[in-house]
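2 protein chains.
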Amino acid sequence: MTDYQELEARHKRMSAIGGALAILGWDQSVIMPEGASQSRAEQVSALSLIIHEMQTAPDMGDLIAAAESDTALDDWQRANVREIRHDWLHATAVPADLVDRKIKARSASELTWRSVRAEDDFAKLEPQLSELLTITQDVAAVKAEAFGCGLYDALLDGFDPGRKSAEIDVLFDELMSFLPGVLDEVLAAQEAAPAIVLPEGPFSTQAQEALGRKVMELFQFDFNHGRLDVSLHPFSGGTPDDSRITTRYAEDDFTQSLMAVIHETGHAQYERGLPKAWRGQPVGQSRGMTVHESQSLLFEMLAARSPEFISYIAPQLREAFGGSGPAWEDENLVRLYHKVERGLIRVDADEVTYPLHVILRYRLEKQMIEGDLAVRDLPEAFRAGMRELVGVAPETDRDGCLQDIHWPSGAFGYFPTYTLGALGASQIFQTATKADDAIMPGIAKGDFSALLTWLRANIHGQASKLMPGALIEQATGEPLGTKAFRGHLEARYLRG
Amino acid sequence: MTDYQELEARHKRMSAIGGALAILGWDQSVIMPEGASQSRAEQVSALSLIIHEMQTAPDMGDLIAAAESDTALDDWQRANVREIRHDWLHATAVPADLVDRKIKARSASELTWRSVRAEDDFAKLEPQLSELLTITQDVAAVKAEAFGCGLYDALLDGFDPGRKSAEIDVLFDELMSFLPGVLDEVLAAQEAAPAIVLPEGPFSTQAQEALGRKVMELFQFDFNHGRLDVSLHPFSGGTPDDSRITTRYAEDDFTQSLMAVIHETGHAQYERGLPKAWRGQPVGQSRGMTVHESQSLLFEMLAARSPEFISYIAPQLREAFGGSGPAWEDENLVRLYHKVERGLIRVDADEVTYPLHVILRYRLEKQMIEGDLAVRDLPEAFRAGMRELVGVAPETDRDGCLQDIHWPSGAFGYFPTYTLGALGASQIFQTATKADDAIMPGIAKGDFSALLTWLRANIHGQASKLMPGALIEQATGEPLGTKAFRGHLEARYLRG
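Heads up: the protein sequence lines correspond to chains D and Y, in order. Just so we're aligned: 322 in this note's numbering is position 322 of the first sequence, and the numbers increase by one with no gaps anywhere. Just so we're aligned: 3 in this note's numbering is position 3 of the second sequence, and the numbers increase by one with no gaps anywhere.
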């Protein structure tokens with residue numbers, strides 16, 4: 001066995017253990033009785049530790065170095081070695097005691113967050129979040145050293161490999177140069193259009209679920225390799241051959257569960273379309289959070305919220321929920337699905353205001369990591385930022401800096417990938433629809449096969465062969481930018 | 001860390017991995033989409049291999065020897081070392097290539113069995129079952145060498161540690177001395193009694209499930225630590241803190257699903273009642289298949305099928321299924337649940353004829369393992385044995401030697417534990433009801449707390465501190481025998 005083959009064998013086992021962890025994680029969110037938490041935590045910890053031990057095995061560095069000088073490897077294999085080194089650097093950069101301190105601080109802070117959010121008591125979270133921030137800065141410092149980059153970039157790299165905050169600054173500055181103006185215009189246009197009539201419920205969970213499954217099938221979800229279930233927060237889990245997506249149902253609003261199902265189907269189809277030949281290898285995995293989010297947003301925002309698809313699905317909505325009258329007319333449903341609003345809550349935001357929520361969080365977390373913003377000053381900075389960027393300010397921290405789990409769970413560097421993913425979704429969709437002019441007519445009759453074929457070839461099937469930036473550039477012919485996104489917003493909301 | 005503590009730490013990790021495997025196994029039977037089979041097999045194989053590697057680690061033998069001479073250990077710790085050596089002997093006795101051959105032969109034979117059973121084509125299974133038998137004989141030979149016992153006993157030990165076929169021969173001879181006579185008398189008495197009137201369905205799955213959950217709560221099943229779901233064959237899986245039991249529903253017969261739920265609840269309550277202090281250690285595990293089956297049969301046969309409980313539950317059955325008339329009268333329901341019949345299928349057998357099915361299989365598998373019966377002669381030997389022991393002979397192999405999965409899956413030595421468990425159930429129940437005279441009055445009003453308290457103290461909480469034979473002797477004051485079982489049959493079926 002060559003050193004490269006030895007690396008493949010080890011990663012195959014790590015991936016199988018990772019797959020088991022994915023199913024256990026799904027089970028915990030969907031199925032597990034609450035009393036099993038502690039024993040489940042022990043199972044998860046044992047499996048995670050085995051992966052960590054394998055990843056940091058003493059001979060791993062030598063094996064990687066040997067594989068790097070193996071001249072017989074092809075492109076995919078070389079890319080696999082690059083990914084293996086990348087994972088190895090992340091795993092070995094942080095000393096064991098710091099890993100341990102971070103796990104404990106994160107667990108304490110996340111647990112506290114769950115209770116203080118409802119009570120709107122930021123002061124109670126502050127010491128634990130400060131402690132977690134300090135430890136995260138330490139982690140950033142050792143990773144920055146290992147990767148030869150800045151503190152924030154060292155964290156960002158864990159979510160969007162190779163991405164630099166300098167690139168994000170440019171993209172976000174571009175967004176800020178037009179988005180506030182576009183938002184004003186969109187709100188004015190919306191004001192001038194007929195008022196949105198809300199469909200009246202209740203909308204039975206059963207009918208919503210049946211509709212969700214039907215739409216998943218339109219998006220070519222393979223139920224022989226996946227499931228739809230219910231959880232507190234929608235997510236896409238499982239493995240490429242066993243996609244487990246979830247949603248939640250509100251009986252007074254069917255629009256959220258349907259779009260959540262489509263969003264998660266986008267994530268699931270990405271995983272499902274990863275190349276079978278590279279299952280179990282780092283190079284065969286999805287290409288980080290920016291590309292992942294581009295696939296879910298492409299399905300949800302570009303395809304499913306298009307007037308074409310809404311007009312296609314409108315009769316089925318009327319049938320599923322027995323709807324009739326003004327609220328159920330195609331034009332009203334389009335306006336409903338295109339509603340734009342200066343709101344307080346990120347996860348409820350539309351695609352026009354969403355980037356503003358993200359830019360605020362990006363600015364704040366960069367300041368925190370770089371030591372320019374103390375946790376105790378976060379609530380006020382958050383309020384001021386909301387006022388400046390979104391144009392509304394929360395009266396409570398529950399609707400402000402306490403609304404998201406990311407910081408209390410130590411995920412600094414994650415937020416920008418939502419908006420980078422939105423930019424990618426527009427850019428990729430624009431390229432795809434130009435490359436294959438059967439895609440839009442397909443969407444207009446609920447047939448997503450042409451779209452999926454293009455994505456399989458140009459995104460899903462590429463897995464992690466290239467770095468995220470290079471993948472998007474190869475697929476679309478240019479680096480990730482804001483032009484397609486701007487064009488999409490203007491076409492949909494100003495010339496729609 | 002002492003050598004003993006090192007052993008505990010390793011077994012804690014193996015147990016956590018085992019717990020993950022238990023959840024994955026449940027998922028596979030209940031939830032998993034079919035297309036995920038191959039990736040699931042890879043996950044299960046990776047985790048199983050890790051356990052095997054840990055169990056056969058080169059320093060394991062020395063650690064065990066050192067722990068055995070550690071004079072500071074208490075009773076439970078010493079018993080833990082005994083169990084650790086026992087598991088280690090089983091794991092190390094069989095050379096890796098033989099393990100591998102057995103896994104492959106078992107997998108091929110089981111797969112073939114699934115298809116030939118429906119086609120009633122034993123000839124197609126014969127070569128693979130012969131191959132599997134030969135390999136199983138080889139496994140038995142190396143284990144017999146390691147344990148210093150006979151071939152069949154070496155296999156039996158994997159299901160009922162320490163049990164000898166010489167003991168089984170005595171018990172089964174005793175059974176044969178009275179059971180055929182008792183069966184004749186029971187059938188005659190049944191003939192003389194009013195005919196059984198079958199309740200007419202359909203019985204909705206929903207109503208059956210609601211009733212099953214209600215009865216599980218009577219049996220003190222803790223839904224904060226467990227679930228009830230549906231699978232093709234009822235089973236009890238998961239872990240002590242996360243009991244996953246299943247049943248299946250037939251809309252034309254509610255009696256089977258209800259009794260299956262109670263049977264599996266008996267298994268689950270045993271696991272749940274294992275001592276918390278010994279979670280994750282071999283000594284903290286359940287005491288083999290005989291004791292396990294004694295707990296499920298005690299719940300089902302002794303407690304739930306007692307006239308006292310049937311009379312208690314009868315009004316709830318009538319209410320759940322809207323039943324009225326002769327079929328739903330208490331006396332008819334008791335006769336229905338006590339129906340005895342010379343039948344062809346083991347899993348459908350009543351408690352009077354069940355041991356006859358088992359004794360036949362025990363005799364045949366012992367002959368096969370000892371080389372006195374060739375696989376090609378099995379169908380005829382099975383038919384002849386059925387005629388002799390049960391009094392009816394199958395016309396097809398599907399209803400004969402192809403009916404059970406045990407042999408095609410390589411589980412030689414398993415069958416006798418069903419009947420040993422039935423003997424244990426009667427003996428333990430007799431002791432419990434004598435020791436606490438609140439148990440029977442409790443059962444008559446659907447209150448199983450006194451029964452459970454006794455079982456928790458005398459069986460569940462003892463885990464694997466003693467060997468199975470010693471555990472039953474300690475709990476009941478005498479070695480496992482047939483007296484209580486005979487008394488139970490005569491009381492219920494002849495003097496009932």
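Hints are supplied without guarantee of correctness; some may be wrong.
No copy labels: a pair is met if it fits in one copy or bridges any two.
[To be verified] Straight-line distance between alpha carbons at most 25 Å, and here's what the computed DMTMM-like set of lysine to aspartate or glutamate pairs gives:
{"id": "1", "residue 1": "K483", "residue 2": "E34"}
{"id": "2", "residue 1": "K143", "residue 2": "E131"}
{"id": "3", "residue 1": "K12", "residue 2": "E42"}
{"id": "4", "residue 1": "K102", "residue 2": "D87"}
{"id": "5", "residue 1": "K102", "residue 2": "E185"}
{"id": "6", "residue 1": "K339", "residue 2": "E68"}
{"id": "7", "residue 1": "K12", "residue 2": "E209"}
{"id": "8", "residue 1": "K102", "residue 2": "E395"}
{"id": "9", "residue 1": "K483", "residue 2": "E6"}
{"id": "10", "residue 1": "K12", "residue 2": "D184"}
{"id": "11", "residue 1": "K12", "residue 2": "E34"}
{"id": "12", "residue 1": "K12", "residue 2": "E53"}
{"id": "13", "residue 1": "K124", "residue 2": "D169"}
{"id": "14", "residue 1": "K276", "residue 2": "E34"}
{"id": "15", "residue 1": "K12", "residue 2": "D97"}
{"id": "16", "residue 1": "K483", "residue 2": "E473"}
{"id": "17", "residue 1": "K276", "residue 2": "D253"}
{"id": "18", "residue 1": "K214", "residue 2": "E34"}
{"id": "19", "residue 1": "K483", "residue 2": "D121"}
{"id": "20", "residue 1": "K276", "residue 2": "E42"}
In short, the hints are calculated from the structure, not lab data.
Status of each hint after checking the structure:
1. For the homomeric pair K483 and E34, neither the shortest alpha-carbon distance inside one copy (47 Å) nor that between copies (43 Å) is at most 25 Å.
2. Taking CA atoms no more than 25 Å apart as the test, K143 paired with E131 passes inside one copy only; the shortest distance there is 18 Å, against 56 Å between copies.
3. Proximity of K12 to E42 under the C-alpha cut-off of 25 Å is found in both arrangements, the shortest distances being 23 Å within a copy and 9 Å between copies.
4. Taking the shortest Cα distances, K102 and D87 sit within 25 Å of each other inside one copy (18 Å), while across copies they are farther apart (37 Å).
5. Taking the closest pair of Cα atoms, K102 and E185 never come within 25 Å of each other, the shortest separation being 45 Å inside a single copy and 72 Å across copies.
6. In this assembly of identical chains, K339 and E68 lie within 25 Å of each other by CA distance neither inside one copy nor across copies; the values are 52 Å within and 73 Å between.
7. For the identical chains of this complex, K12 and E209 are neighbours neither inside a copy (36 Å) nor across copies (41 Å), given an alpha-carbon limit of 25 Å.
8. When the C-alpha separation of K102 and E395 is checked against a cutoff of 25 Å, the pair qualifies neither within a copy, at 32 Å, nor between copies, at 68 Å.
9. Within a single copy, K483 and E6 get their C-alpha atoms no closer than 45 Å, and across copies no closer than 61 Å, so neither meets the 25 Å cut-off.
10. When the C-alpha separation of K12 and D184 is checked against a cutoff of 25 Å, the pair qualifies neither within a copy, at 52 Å, nor between copies, at 61 Å.
11. In this homomeric assembly, K12 and E34 come within 25 Å of each other (Cα to Cα) only across copies, at 22 Å, whereas the closest approach inside a single copy is 32 Å.
12. In this assembly of identical chains, the alpha carbons of K12 and E53 lie at most 25 Å apart whether taken from the same copy (15 Å) or from different copies (17 Å).
13. When the C-alpha separation of K124 and D169 is checked against a cutoff of 25 Å, the pair qualifies neither within a copy, at 33 Å, nor between copies, at 69 Å.
14. Taking CA atoms no more than 25 Å apart as the test, K276 paired with E34 passes between copies only; the shortest distance there is 17 Å, against 36 Å inside one copy.
15. Taking identical chains as interchangeable, the C-alpha atoms of K12 and D97 lie at most 25 Å apart only when they sit on different chains, with a minimum of 22 Å there against 27 Å within one chain.
16. Proximity of K483 and E473 under a CA criterion of 25 Å is satisfied intra-copy only: 14 Å inside one chain copy versus 81 Å between copies.
17. In this homomeric assembly, K276 and D253 never come within 25 Å of each other (Cα to Cα): the closest approach is 39 Å inside a single copy and 45 Å across copies.
18. Taking identical chains as interchangeable, the C-alpha atoms of K214 and E34 lie at most 25 Å apart only when they sit on different chains, with a minimum of 20 Å there against 32 Å within one chain.
19. Proximity of K483 and D121 under a CA criterion of 25 Å is satisfied in neither setting, with 41 Å inside one chain copy and 68 Å between copies.
20. Proximity of K276 to E42 under the C-alpha cut-off of 25 Å is restricted to the inter-copy arrangement: shortest distance 14 Å between copies versus 32 Å within a copy.
In terms of the numbered hints stated before, the structure departs from hints 1, 5, 6, 7, 8, 9, 10, 13, 17, 19, listed from lowest to highest.
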